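Engineer: For reference, the chains in residue letters:
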Amino acid sequence: MTDIAEILGVKSAPQPIGNNKPLLPKPHSDLTGSATELPTTVPTFVRIGNRQINPHKPARKWTWAPFSSSSRPDGLLLNHWVRANVEYPDYPYARFDIHLDPVQYTIEEYKAWLTSEDWSQSETDTLMEYARIFELRWPVIHDRWCAVCPPRPVEDLQHRFYTVAAKLLQRRVSHEAALETKALEAVAADSNAEDPKLLLETAAARSLASSDPQHQPLMQHLGTGTSNKVFDLAYEKERRAHWEALWNRTKEEEAEELALRNELKQVETQLRKLKKRGAHVVAANGTAASRAATPIPAPEVAVQQVDQAMATTAPTPVPGVPYLQSARLVLPATGGETGISKALVARMEALLAEMNVPSTVIATKRACDLMDTVRRDALTWLLLEKQVIQREGVLRARRLKLAKMGGNIRVVDEETLLGIAPPPAPRPKPVTKAPAAPAATAAAAAPGKAKAPVSKTATGSKPAAKKPAATASSSSTTAASTGAPTASTATSSIDAKTKKPAAKRKRKSEDAPPALPNAAPSSGDVASTINTKPKKKAKPGTTKETSSVSTSVAPKAPPAAAAPAVTTQKENSPKKE
Amino acid sequence: MTEGNNASSCETRRENTIVCLPVATGSIAFYLGNKSDTQTHEWTLYVRGPSGEDLSVVLEKVIFQLHPSFAQPTRELTEPPYEVTERGWGEFEAQIRLIWKDPTEQSVLLSQPIKLYPPGAPLTAQQQQQQSTETPVVSETYDEIVFTNPTESFYQQLQSIGTAPSCQELYSQHAHFPTYSDNEVCQAILQAQKLINEHLAQTKQNLIQLDHDLANVEESLRVQQDEVRKKAARKAAQQPTKTPATTTSTTTAVTTTRTSNKKQKTT
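Order-wise, the sequence lines are chains A and V. Mind the numbering: the first sequence is residues 1 to 577 in UniProt numbering, read in order. Mind the numbering: the second sequence is residues 1 to 267 in UniProt numbering, read in order.
Worth double-checking, as some hints may not be accurate.
[What the hints assert, rightly or not] Straight-line C-alpha distance at most 20 angstroms; calculated EDC-like pairs for lysine to aspartate or glutamate:
1. A/K386 / V/D182
2. A/K404 / V/D226
3. A/K401 / V/E219
4. V/K101 / V/E79
5. V/K204 / A/E300
6. A/K365 / V/D182
7. V/K194 / A/D369
8. V/K194 / A/E385
9. A/K404 / V/E227
10. A/K401 / V/D226
11. A/K404 / V/E219
12. V/K204 / A/D377
13. V/K194 / A/E123
14. V/K194 / A/D372
15. V/K101 / V/E76
16. A/K401 / V/E76
17. V/K204 / A/E385
18. A/K275 / A/D307
19. A/K365 / V/E140
20. V/K194 / A/E349
21. V/K194 / A/D377
22. V/K204 / A/D307
23. A/K167 / A/E123
24. V/K204 / A/E392
25. A/K404 / V/E218
26. A/K401 / V/E218
27. A/K401 / V/D211
28. A/K386 / V/E198
29. A/K365 / V/E76
[As the list claims (entries may be wrong)] So, partial list: chain A residues that the calculated Cβ filter (under 10 angstroms) puts toward chain V:
30. T106
31. I107
32. E109
33. G320
34. R328
35. V330
36. L331
37. E349
38. L351
39. T364
40. R399
For the record, the hints were derived by calculation from the structure and aren't laboratory data. From a predicted model like this one, the values you see are computed outputs, not experimental measurements. No residue lacks a Cβ here, since even glycine has one placed at the ideal position from N, Cα and C.
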């Protein structure tokens, strides 16, 4: 109230009322600070994609103009943006408006050729009309049809339409051909010339005119999309039925079908594999196993296999096709089909090379025949050797099993059985019992020996159990009768000492009654030594025989033979007496 | 028997007949010295009977197909000597087609490489210089053509080859032709065959023996299995009586059973 100006008596201008706030708030701007003082800028260039727009050139002119399409029957005018100074003759998309030619007939034609029992003329007319309007789009036609007329399946509609079209085409063509023949014949009569071209044309026309529908050539009326060979209704029905069934399969049915297909695939692959590997050979072996009476012996099978293999690369003699003798020298094919592996063929070649047979010989008949034979024999031998090894393996396994099963005693150690046990420590005392047995096991340990003797000693060392001792020794045919009872007594006396694990190894060697069917005399000796075991009489005699047997079997035997036999003697003495 | 091509096509063929016709194809090449780069060697490619037989009795013609770089690479010859001599520098494979007098027999295609340099590692400069113009490089292949069931007339022709006079002299390079004998090879093969047959017999024996042994062991196994079963049954029966036994008593029990078994076995 008390203004200083009033007090001082100074009169100032009238002040405005209110504050200086603007009526509208300032619009939001990203520009801050000093940037608000700068003027906004316009870009100096415009780029659309890769093209730079030159701002100095004037822009194209477009106008909003009316247009009509030639494909429109009603002449409707619509507007659209058009380039200003360009002439547009027609709506550019009018050229895509294409229609099929309609199939039309006159009433006379209908009455003459197209009447049908199932179809009335009005129905046929409707069908034709729909076909024309909907451009042979059958789902649409069928749908429209069912809305209007008594319903028919779509294949019936198709059949009617195509039959009508075909008959029309064929009849019209015949009619025209007849007219043409008349005209041509008139011309020919006039000119009386033997023009071959004219004659041909006349003949062609005549044939068209007079032939049956089925003999006429296929004529396609491309404009209407029909031809003169009718639509196959039966096939179409079947096709649709199949399709429906496929569509309507349940999940279970589908799964079942998939499973069946997989099974079929598996069976086929198996069949193919069998065929490849020579099924008849496999089958022969299989049937041999089942028919215990007459098994096919291994050599015959091997020979068959070799024959098959050699036949794959040998030239087949065909009358009128000469072949080269050198073709017979080609090595047999290897691979799954023949059952002859590359390794086998390589071994055969190596074998022959060892025997100074050259790998390629001069191609005379004699030489080729001989090469053929020698190769076959070599292959057969190698195959049979393989079989021998296999069977020995099986035999060993069986014996092991037999030993394991022999009673409640853990008598046999696999190591000794397989002949890889370390030799037991030598003992000073003389030997009485089972001298050839340790000899046998030691011999089994000797790797230098060929397979045959090893297998025989394995036979010898194996039957450790008391009861099978009888049968085991029977397996060594020569030693059988005499050896059996005494052998069993020997083993049974040993069995009492089961509980001493320390003596286990030596026991094992004793348990094996020696059996060497190959070396008949030695086994005879062995049998006699077994006989003397419980009597303990002919000690020096047995020692002698031991040594003789062991030398016949393996050089390593003697010390081993002495030691365990000695132990046996020691163990047996308290027992026996 | 009528002769001529038309007749032989309807002729009957002999049964179970095989005829082997020996044929030797080869190349002989001479070094010409350093005269030219493109013609360093003169070579002759030929087909002959290995013992000088005249093959024209059975051969209609021989077609030599040379490398396309030669003029007229297809050379046809209808009578001996069946040879082609050319000068060149490169080794290639020539095809020789033999057409038989009998039209029912298919023609035979042989492939013969032309060897200009002796076999082995590529020549060093020294070796090249040492190439002599006198000693040729001969590369020949012996083969026999096997006819199966030939027609009667063709058969007669084939048989008559042995009796015709030798035409080896006709060939330009006949001096350098090698000779063939299969005696040594056959001897070696026969020896080898003897050995192998011995091995084979031995192996067959082994197999038989093994089968026998296997059968025996199987039998034993079966018996043993029965025994084990019986034992188990017996043990099960004896079990309640044995429960209070001490170790010694068990031992004696065991020994008694064993001795009893022993007695059974001995009797």
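Engineer: Would you pick out the hints that fail for this structure and give their numbers low to high?
Structural biologist: Violated hints (numbers, rising): 1, 13, 16, 29, 30, 31, 32, 35, 36 and 37; every other hint is consistent with the structure.
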